[in-house]
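S.K.: Produce the entire structure from the sequences given, and follow the hints as far as they go.
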Amino acid sequence: MAIIDENIRGKVGNSVFYRVGSITRVRSAAANYLDANTIKQQENRSRLRVAIRFYQRLVEIGLQEAWYLATQGTGKNGYNFFLKLNMMVFKPNGKIGDFARLQLTVGMLQKVNHLMACVDEEDAVVLSWEKAENLPSAGMEDELVVVVLYADRSFSPEFVKTNGETRGDGKATFRLPGRRGTAVHLYCFFRKKNGEAYSPSQYLGIS
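Here the numbering used here is used: position 182 in the sequence shown is 182, and no number is missing along the way.
Derived by calculation from the structure, the hints in this document are not laboratory data. We put the CB at the ideal spot given by N, CA and C, even for glycine. Treat the hints with care, since some could be wrong.
Unchecked claim - BS3-like cross-link-like pairs, simulated, lysine-lysine; straight-line CA separation at most 25 angstroms:
| id | residue 1 | residue 2 |
| --- | --- | --- |
| 1 | K192 | K161 |
| 2 | K84 | K111 |
| 3 | K161 | K131 |
| 4 | K95 | K40 |
Unchecked claim - Label pairs and their in silico Cβ distance ranges:
| id | residue 1 | residue 2 | range |
| --- | --- | --- | --- |
| 5 | A132 | Q42 | 44 to 52 angstroms |
| 6 | D169 | G75 | 35 to 43 angstroms |
| 7 | E130 | N93 | 24 to 32 angstroms |
| 8 | R49 | T71 | 38 to 46 angstroms |
| 9 | R179 | E60 | 17 to 25 angstroms |
M.R.: Put into structure tokens, the structure is as follows:
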């Protein structure tokens, strides 16, 4: 804002002149309204709707608990944290753009090193990982949990039926009845037996 000596009122270009008592003042006019419906903004809104729809699927199988626990005491909530980490993984056309970047869980427990998957001659999936020292953040009794997304129904996460393997086992074997003819996306994580802590999910793809 500026003060001038001339008795001018009204708008000239991007400046507005107005009187306050005997003083003429000038200020910049408000910028023109920006269109809130550009192609990029439409895409972002579509992407947000897709991310919300996927989070609702996690709620249906109980995985929102991991996000809730991860944000306790932070003043944030699990829903917003999920969107912050994952929204750009989803595409405006309703699909998952990068399965490897998708995080199904977060938490304070440690990931495992050298997590690998292979399919044996009996068509069973074999997971293996490096055993490590028993720590509060990586207990040998932490339960292995595996969630699968099949490529032809990627918004329908399912828990895989395992045999109760734990972090200390270093290995797990299970079957995927819906695997034939479609790519499979596995998300593996560990959970304390009391359910009070999770590790971040780790991704493995099987074609």
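S.K.: Run every hint past the structure and note whether it holds.
M.R.: Hint check results:
{"no.": "1", "hint": "K192 <-> K161", "verdict": "holds (18 angstroms)"}
{"no.": "2", "hint": "K84 <-> K111", "verdict": "holds (21 angstroms)"}
{"no.": "3", "hint": "K161 <-> K131", "verdict": "holds (22 angstroms)"}
{"no.": "4", "hint": "K95 <-> K40", "verdict": "holds (17 angstroms)"}
{"no.": "5", "hint": "A132 <-> Q42: 44 to 52 angstroms", "verdict": "holds (47 angstroms)"}
{"no.": "6", "hint": "D169 <-> G75: 35 to 43 angstroms", "verdict": "holds (38 angstroms)"}
{"no.": "7", "hint": "E130 <-> N93: 24 to 32 angstroms", "verdict": "violated (39 angstroms)"}
{"no.": "8", "hint": "R49 <-> T71: 38 to 46 angstroms", "verdict": "violated (22 angstroms)"}
{"no.": "9", "hint": "R179 <-> E60: 17 to 25 angstroms", "verdict": "holds (22 angstroms)"}
Violation of the numbered hints given earlier is confined to hints 7, 8; the remaining hints are satisfied by the structure.
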